[in-house]
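In my numbering, the protein residues as written are 1 to 505.
No lab work stands behind these hints, which were simulated from the structure alone.
Watch out, some of these pointers could steer you wrong.
[As the list claims (entries may be wrong)] Result set (SDA-like, lysine to any residue): computed pairs, CA atoms no more than 25 angstroms apart in a straight line:
(1) K410 with M19
(2) K394 with A25
(3) K314 with Y422
(4) K229 with T121
(5) K229 with T296
(6) K394 with M19
(7) K410 with N75
(8) K410 with L255
(9) K314 with D421
(10) K394 with F257
(11) K493 with L328
(12) K314 with P249
(13) K229 with F257
(14) K394 with Q307
(15) K394 with S273
(16) K229 with Q188
(17) K314 with M16
(18) K410 with P249
(19) K229 with M165
(20) K410 with L76
(21) K394 with T375
(22) K493 with P327
(23) K493 with A95
(24) K394 with A24
(25) K229 with N142
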Amino acid sequence: LLKGTLEPEDTTAPAMVSMPILAAANVFQFAGLSHLDQFNSNHGNQLNDEPPSPAIAVGNGYILEGVNSAVQVYNLSGAPLLATTLSANQVFNLAPEIDRSTSALTRGVFTTDMRVFYDQTIQRWFILQRAQDQDSFGNPLNSSHLYLAVSQTSDPTQTYTIYSMDTTDLANPQCPCILDYPQIGADQYGFYITGNEYNANFLGFVDVSVLALSKTSLAAGAVTPTAAKLLIPVQTSLTFSLQPAVTPPGASYFLAFGGLQYFVSTQVQAQDSNLALWALTNTASLGTSTPNLSMTQTTIPILPYSQPPVIRQKTGPTPYNTSIGYPLPFIDGGDTRIQTATYAGGRLYLTLPTAVTDENAHSLAGGAFVVLSPTYRGGVLAATVLQQGYLLVKNNSLLRPAIAVNAQGKGAIGFTLVGPDYFPSVAFTPVSTTSVGPNVQVATAGAAPEDGFSASLNFGVARWGDYFGAVAAADGSIWMAIELITNAPRALKANWDTQVIQVVP
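Throw the hints in and build the complete structure from the sequences for me.
Spelled out as structure tokens, the structure:
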């Protein structure tokens with residue numbers, strides 16, 4: 001069941017005001033996974049992957065970081081706990097991405113779009129990736145899968161139950177399909193995976209898939225966990241990339257109406273001033289053998305947002321691109337889909353990328369934050385905008401803003417700071433219960449330009465992101481995994497790194 005309403009339009013738009021940049025103080029951090037770590041995992045039987053799409057989960061004294069396509073577990077001091085970085089294919093018991101021991105360089109499963117999660121209520125760890133199937137030569141096939149690993153204990157270094165879900169959707173006349181850009185969230189009863197279905201042959205957008213899985217059955221390691229799937233047809237331009245909300249430790253889930261899970265989406269690759277708010281109700285029915293879920297949607301006016309521009313980098317050495325005759329790459333500014341959504345204290349905290357203009361009329365990539373007070377009464381979904389604003393600095397850009405807040409509504413927004421004055425660097429801005437900012441704090445300064453192979457495949461524009469990880473820990477601190485470029489050892493075709501930082505609000 002899908003219902004929709006339209007809220008009265010709010011024409012108020014906040015001003016774009018640049019925040020000052022300063023060095024962060026008292027921030028704990030350590031080097032996370034790099035392209036070299038990813039490339040060397042699984043005995044070097046890995047492809048060059050760019051961008052990394054770093055994801056992070058924190059709980060029970062552990063940190064789990066995932067990139068495309070590798071994982072590592074750390075203690076809270078930043079020491080790695082796995083003897084070696086694991087490839088995602090090792091986690092899911094799949095053949096290597098590429099077998100370099102054979103003259104044919106046989107291809108295996110190519111996993112992408114990394115997501116990780118720790119659920120504090122069931123004390124389980126989740127690792128999720130998707131894949132379009134391919135033959136041994138690397139040619140794509142008309143079939144696709146999701147791969148999900150769920151830990152059997154609260155220790156992420158131990159055994160996982162592995163699930164494989166066919167996402168080809170042959171019952172849909174517009175398929176065979178691939179499920180692109182999976183996003184995850186959870187409430188008291190369910191673990192939710194959303195994604196965009198594309199036709200595998202001509203990559204046309206078909207619909208949005210929402211997969212709801214019983215957390216109880218996943219925690220028990222059920223061979224076939226209780227699940228329900230909703231396919232949402234394209235109704236408006238806002239029907240795309242539904243971001244499920246997550247709830248930080250100590251905050252309350254929405255338990256009325258048999259359990260309610262929020263999702264949020266925006267217009268992508270166009271200018272707009274609305275977002276879609278979605279509510280999935282009766283999620284407690286996931287605890288039965290016959291889940292009965294209902295999805296409601298409404299449109300909420302927010303500040304205007306638009307497609308970010310490509311980013312000019314600070315000049316520096318680019319040995320790989322120079323070797324193939326390419327100039328200093330630009331960086332992809334991304335699109336306007338919701339990056340993160342946190343539900344705490346009856347509020348939804350959201351971030352999204354957008355084009356911004358500084359006081360010198362420079363067109364830059366920045367971000368927007370929105371704080372909603374959602375309500376659901378009598379089957380009617382609504383929301384009030386409590387706070388919203390733009391994230392920008394003078395003459396430089398902020399990429400892929402990711403927000404996390406704790407149960408008290410305090411947190412941080414992390415992003416990459418990059419532009420003519422900064423190599424790709426890790427930065428953040430504080431979030432209090434009443435405001436965001438007032439400054440951008442650089443946690444780790446970059447040391448070189450982005451110099452990856454993706455620029456040569458994309459008209460000189462390198463891939464970045466596609467998203468970053470940001471979560472709240474049980475002690476109220478905020479942990480983030482952000483992409484940057486350092487001067488650490490690199491592989492030939494890419495030089496991205498990630499940094500894990502802890503911010504205490």
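Report task. Take a quick look at whether K229 and T296 sit within 25 angstroms of each other, Cα to Cα. Result -> It holds: about 15 angstroms lies between the C-alpha atoms, which stays within 25 angstroms.
Query raised in the report: Holds or violated: are the alpha carbons of K229 and F257 at most 25 angstroms from each other?
Result: holds (19 angstroms)
Query raised in the report: Is it true that the CA of K394 sits at most 25 angstroms from the CA of A24?
Result: Given pair K394, A24 holds - Cα atoms ~18 angstroms apart, limit 25 angstroms.
Query raised in the report: Given the proposed pairing of K394 with A25, does the C-alpha separation stay at or below 25 angstroms?
Result: holds (21 angstroms)
Query - Hint consistency between K229 and Q188 [alpha-carbon to alpha-carbon, up to 25 angstroms] - result: holds (18 angstroms)
Query raised in the report: Regarding the pair K394 and F257, is the alpha-carbon distance no greater than 25 angstroms?
Result: Roughly 46 angstroms between the alpha carbons, so the hint for K394 and F257 is violated.
Query raised in the report: Holds or violated: are the alpha carbons of K410 and N75 at most 25 angstroms from each other?
Result: Holds: K410 and N75 sit about 24 angstroms apart, inside 25 angstroms.
**Report entry** Holds or violated: K394 to Q307, with C-alpha atoms at most 25 angstroms apart
**Finding:** Judged against 25 angstroms, a Cα distance of about 18 angstroms means the pair holds.
Requested in this report: Could you grab the alpha-carbon distance between K394 and S273 and see if it respects the 25 angstroms cut-off?
Outcome: holds (24 angstroms)
Query raised in the report: Within 25 angstroms, alpha carbon to alpha carbon, are K410 and L255?
Result: holds (23 angstroms)
Query raised in the report: Is the Cα-Cα distance between K229 and T121 25 angstroms or less?
Result: The hint holds at about 23 angstroms.
Query raised in the report: Holds or violated: K394 with M19, Cα cutoff 25 angstroms?
Result: holds (8 angstroms)
Violated hints, listed in ascending order, are 10, 12, 21; each of the other numbered hints is respected by the structure.
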